Amino acid sequence: MTAAEGVARPGSLVRSAWRMLAALPFLLPSMVLFGAFVFYPLGKAVYLGFFISNPFRTRQIYVGFDQYREVLTSSEFVSSLLVTGTFTLYTVFPAIAIGTFLAVLANQRLPGIIVFRTVFSSTIAASVAISAVLWLVLLHPSIGVLNEAVEAAGLSRVNWLQDGGWAVGEHATVFDMVAAWFIDPNWALISVSLATLWMNIGLFTVIVLAGLQTIPEELYEAARVDGAGRWQQFRHVTLPMLSPTLFFASVIGMIFAFQSFGQIQILTEGGPVDASTVMLYSIYETGFEPPFRVGAAAVQSLALFAIMLALTLAQFRMLAGRVFYR
Amino acid sequence: MARVYFEEISKRFGGTHALRDLTLEVDDEEFFVLLGPSGCGKTTALRIAAGLEEPTAGAIYIGDRDVSFVPAKDRDLAMVFQNYALYPHMSVRDNVAFGLRMRGYARDEIERLVQEVTATLGIADLLDRKPGQLSGGQRQRVALGRAMVRRPQAFLMDEPLSNLDSKMRVQMRAELVRLQRDLAATFIYVTHDQVEAMTMGQRIAVLEGGKLQQVGLPQDVYDRPANRFVAEFIGSPAMNVLEGDLVVEGGHTAVRTPAGLVRVSDAASADVREQNITSLAVGIRPEHLTPEATESAAATSAAAASPAAIIEGQADLVESLGSEQHVTVVAGGWSVVANLPSSPRIERGATLRLAVAAEHVHLFDIESGERVGP
Ligand SMILES: Nc1ncnc2c1ncn2[C@@H]1O[C@H](COP(=O)(O)OP(=O)(O)O)[C@@H](O)[C@H]1O
Ligand SMILES: [Mg+2]
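Just so you know, the sequences run in chain order A and B. Positions 1 to 326 (this note's numbering) are the ones given, in order, by the first sequence. Positions 1 to 374 (this note's numbering) are the ones given, in order, by the second sequence.
By construction, these hints were calculated from the structure, which means they are not laboratory data. Be careful, since some hints might not be right.
[What the hints assert, rightly or not] Partner residues aside, some chain A positions facing chain B, computed with beta carbon under 7 Å:
1) A222
2) D226
3) G227
4) P240
[As the list claims (entries may be wrong)] Going by beta-carbon spacing under 7 Å, a handful of chain B positions derived as facing chain A:
5) A50
6) L52
7) A72
8) K73
9) M79
10) F81
11) A85
12) H89
13) F98
14) G99
15) M102
16) R103
[Unchecked claim] Listed next, with one range per pair, are the computed distances between beta-carbon atoms:
17) E218(A) / S135(B): 16 to 22 Å
18) F316(A) / P71(B): 37 to 43 Å
19) G15(B) / L28(A): 55 to 61 Å
20) F316(A) / G39(B): 45 to 51 Å
21) A153(A) / A106(B): 44 to 50 Å
22) V133(A) / G39(B): 54 to 60 Å
Computed from a predicted model, the values in this text were never measured in an experiment. Every residue gets a Cβ at the ideal spot worked out from N, C-alpha and C, and that includes glycine.
With the hints as constraints, model all of the structure from the sequences given.
Here is the structure:
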């Protein structure tokens, strides 16, 4: 039956109404869940952004878009943007690269390889809190293993968690801050990134390993007969066949980076000053620490949401054309 | 182009002997077919030649060069895989060009060779498609193009036609033979299909259980199978085999089979005596069973020697193929298939007397399975 016939029939309106009614109970659970945990909070955040209030919102004053303007143009916000961007850069691409490297190593058919696969992916099983505490010890300026290694390499010790580099101190303009970015390392953020990287590598290894195992062995054999060496096989067979996996990994890697909280809270509490205050941490500080500026926190959350949405869409736009799906 | 020589190649996978002591010489510019049932080690032999698998023992030569320890990428062979193994993310052009790019050919040289080869194969208009957008026959051609384009020392083909429909298969069979002739290339072609082997191979090698059974011209292998396995494997419908003990009757040596006595030729009986064989398997091809000549016809063709055996029985199943009919005759509780002309049409239940000439009787030692006699 075509749609046209359906409309022409008397009573078909009743039937489609019935169908809607029948579909409703199936849709209801997700409608309730999404409504309660996504759409309602989203609407509420927009609403909250229009008000400034006392800590428990017993009194609130309507300020309209003034609060949006004020928060989004503040130097703290710009700093948190730069910190978040840097953090993403430090964590996502290295994690994918290292994860791919380990996955390729672990994908060989060798006796006992399962042990390596387990080890490489084991960081998935460690909780954020435990990993962060572990890194707290590793990064300790005087007793940490990292500084021992740095010293053994003939370099001077680093004040890992306390040195904010370009992110602290006065910068006359945003441009000065960006200029400082290149020459004055933000060790606190690097420390947090190292811990995050370590925590995420396991997951990326597993994802890439799963992707590798979908590539037919025959393609490598064909490539070998065609004269391809190991690197060429990787470059011309593995990478393109892995592109959907790597794309997926980059999207979730980015989302992970934007949602990192626990390790920052434990390692640096966003400091020194705001050197490791990523957007999410800034939202927490603004909204849940005195003076509990709920409205300002809501504005920042909306900004974070918008950025994540835009970046995800852009990734799909940019990469989808180059990704090869079978 | 070059010859390919397998020298005492053995290959074991754990407890499985995939190949045992395979020695085989494929001549330069020869269309050589490796034939055998599934699991006999054909693919393994090919993969060892390609360098994709290491032999447990033995050596492999391409031309006069021992390539046993040369990696696959440096052997300069081309392989056509059973399911083609085209690079799914590359266009047809890039698939064909891949081997040239890996060998560092210049860009315009690559383009020229790709154009030339794809034109030969009739796929020049598909250059920008991906393998996923091609039919089975087109993929097959791309796989061939990828192999041809770099003029390898030899072509290795692993059941390349098995994924095509039967019409396409017949067409590609002829095309491959022509291609091999035009390229004057060495082809090693693996198949389990005896029709492909018989029609395409200049020489064929029959493999079973990892062991080489026989090598030779297709007609020779058909006419004088070296053992019972080859005899039963090649030919359709398959050769009739009847087992029986050796007896001497009226001064003649014969085999007493359930379907009747089969006389053993003088040449063969000398071999039988020499080897102290007491029981034999008698092989008769279906097309060599003919309705017994009438008295008058026998009289006119005086030269017709008396047949080695007469098999009498009832037609149980008649399969007519139009040009011929395959008749299953039950004689002495055993079924024997005869390939008869389509007329006169045989009715089910009819009594038939089928004769076979002495030169068409194959004898095999029951214990070893080896051929006995000429
Ligand atoms: N990679 C392998 N591991 C274990 N056994 C194998 C492997 N490859 C082939 N074999 C075994 O070796 C024998 C020959 O296989 P193969 O050469 O693929 O046969 P064919 O191509 O004639 O069908 C079979 O018994 C098969 O099970
Ligand atoms: Mg095979």
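For each hint, the structure was consulted:
no.: 1; hint: A222; result: holds, 4 Å
no.: 2; hint: D226; result: holds, 4 Å
no.: 3; hint: G227; result: holds, 4 Å
no.: 4; hint: P240; result: holds, 4 Å
no.: 5; hint: A50; result: holds, 6 Å
no.: 6; hint: L52; result: holds, 5 Å
no.: 7; hint: A72; result: holds, 4 Å
no.: 8; hint: K73; result: holds, 5 Å
no.: 9; hint: M79; result: holds, 5 Å
no.: 10; hint: F81; result: holds, 6 Å
no.: 11; hint: A85; result: holds, 4 Å
no.: 12; hint: H89; result: holds, 4 Å
no.: 13; hint: F98; result: holds, 5 Å
no.: 14; hint: G99; result: holds, 4 Å
no.: 15; hint: M102; result: holds, 4 Å
no.: 16; hint: R103; result: holds, 5 Å
no.: 17; hint: E218(A) / S135(B): 16 to 22 Å; result: holds, 20 Å
no.: 18; hint: F316(A) / P71(B): 37 to 43 Å; result: holds, 41 Å
no.: 19; hint: G15(B) / L28(A): 55 to 61 Å; result: holds, 59 Å
no.: 20; hint: F316(A) / G39(B): 45 to 51 Å; result: holds, 47 Å
no.: 21; hint: A153(A) / A106(B): 44 to 50 Å; result: holds, 46 Å
no.: 22; hint: V133(A) / G39(B): 54 to 60 Å; result: holds, 57 Å
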